[in-house]
Amino acid sequence: QKEVEQNSGPLSVPEGAIASLNCTYSDRGSQSFFWYRQYSGKSPELIMSIYSNGDKEDGRFTAQLNKASQYVSLLIRDSQPSDSATYLCAVNEENTGFQKLVFGTGTRLLVSP
Amino acid sequence: GAVVSQHPSWVICKSGTSVKIECRSLDFQATTMFWYRQFPKQSLMLMATSNEGSKATYEQGVEKDKFLINHASLTLSTLTVTSAHPEDSSFYICTVLAESSYEQYFGPGTRLTVT
Numbered sequence: 055q056k057e058v059e060q061n062s063g064p065l066s067v068p069e070g071a072i073a074s075l076n077c078t079y080s081d082r083g084s085q086s087f088f089w090y091r092q093y094s095g096k097s098p099e100l101i102m103s104i105y106s107n108g109d110k111e112d113g114r115f116t117a118q119l120n121k122a123s124q125y126v127s128l129l130i131r132d133s134q135p136s137d138s139a140t141y142l143c144a145v146n147e148e149n150t151g152f153q154k155l156v157f158g159t160g161t162r163l164l165v166s167p
Numbered sequence: 052g053a054v055v056s057q058h059p060s061w062v063i064c065k066s067g068t069s070v071k072i073e074c075r076s077l078d079f080q081a082t083t084m085f086w087y088r089q090f091p092k093q094s095l096m097l098m099a100t101s102n103e104g105s106k107a108t109y110e111q112g113v114e115k116d117k118f119l120i121n122h123a124s125l126t127l128s129t130l131t132v133t134s135a136h137p138e139d140s141s142f143y144i145c146t147v148l149a150e151s152s153y154e155q156y157f158g159p160g161t162r163l164t165v166t
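If you're matching them up, the sequences are chains A and B in order.
Numbering (the working numbering) for the first sequence: 55 to 167.
Numbering (the working numbering) for the second sequence: 52 to 166.
What the hints contain is simulated information worked out from the structure, not anything from laboratory work.
Where hints are given, some of them may not hold.
DSS-like mimics (lysine-lysine), calculated; alpha carbons at most 30 angstroms apart, straight line [stated by the list, open to error]:
no., chain 1, residue 1, chain 2, residue 2
1, A, Lys96, B, Lys117
2, A, Lys121, A, Lys110
3, A, Lys96, A, Lys56
4, A, Lys96, B, Lys65
5, B, Lys117, B, Lys71
6, B, Lys65, B, Lys106
7, B, Lys92, B, Lys115
8, A, Lys110, A, Lys56
9, B, Lys71, B, Lys115
10, B, Lys71, A, Lys96
11, A, Lys56, B, Lys117
12, B, Lys65, B, Lys92
13, B, Lys115, A, Lys56
14, B, Lys92, A, Lys96
15, A, Lys56, B, Lys92
16, B, Lys106, A, Lys96
17, B, Lys115, A, Lys96
18, A, Lys56, B, Lys106
19, B, Lys71, B, Lys106
The whole structure should be built from the sequences, with the hints applied where relevant.
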């Protein structure tokens, strides 16, 4: 059973701070890694994809991948109250042709004004 | 990313009736779509993989005769919950797969309440 582990939180940060969200995965064959944001009562929204080791930046978001350690993280700079949501880490499964995603249970982020 | 719609956004039905949920890929031809279910404060649960022109592949424990999936075109997949019961009340969400990037784009979801 492939697994994706996330701390459920809540992770509380003050407005303007950096929020750091972490995720570990068990499938060494995984090739693609995704971060989704889910607001309460809404469906998830894709915010970042990362495929290679290292950092990938998009606006206030930076995804970091370390395949050797089977670790992926998301940094949110200058956190805003509107960033308060649950962040889901997802990893694709090698044995499904990389089509299916395995989701973590999500980390709830609270950004206080 | 792809734009995905679902209809209806919410539905209330009586126990024993059937409900059809549509998932449309508005700007993208989707060979593969996925159907998920999410109970309150729980994680996403993959129900099935919907492949255009062929039978859906169901996850272990998901009753294929209860959750009928049809993917008749590259832009439309439907999920029919047959003989619905209160325990089927949930948030049903579809995704489309972008095969070049392996990204999945979510529809807005359908909230089903069975009374």
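Hints and how they fare:
no.: 1; hint: Lys96(A) with Lys117(B); result: holds, 25 angstroms
no.: 2; hint: Lys121(A) with Lys110(A); result: holds, 14 angstroms
no.: 3; hint: Lys96(A) with Lys56(A); result: holds, 26 angstroms
no.: 4; hint: Lys96(A) with Lys65(B); result: holds, 24 angstroms
no.: 5; hint: Lys117(B) with Lys71(B); result: holds, 12 angstroms
no.: 6; hint: Lys65(B) with Lys106(B); result: holds, 28 angstroms
no.: 7; hint: Lys92(B) with Lys115(B); result: holds, 25 angstroms
no.: 8; hint: Lys110(A) with Lys56(A); result: holds, 25 angstroms
no.: 9; hint: Lys71(B) with Lys115(B); result: holds, 14 angstroms
no.: 10; hint: Lys71(B) with Lys96(A); result: holds, 20 angstroms
no.: 11; hint: Lys56(A) with Lys117(B); result: holds, 27 angstroms
no.: 12; hint: Lys65(B) with Lys92(B); result: holds, 24 angstroms
no.: 13; hint: Lys115(B) with Lys56(A); result: holds, 23 angstroms
no.: 14; hint: Lys92(B) with Lys96(A); result: holds, 12 angstroms
no.: 15; hint: Lys56(A) with Lys92(B); result: holds, 22 angstroms
no.: 16; hint: Lys106(B) with Lys96(A); result: holds, 29 angstroms
no.: 17; hint: Lys115(B) with Lys96(A); result: holds, 26 angstroms
no.: 18; hint: Lys56(A) with Lys106(B); result: holds, 25 angstroms
no.: 19; hint: Lys71(B) with Lys106(B); result: holds, 17 angstroms
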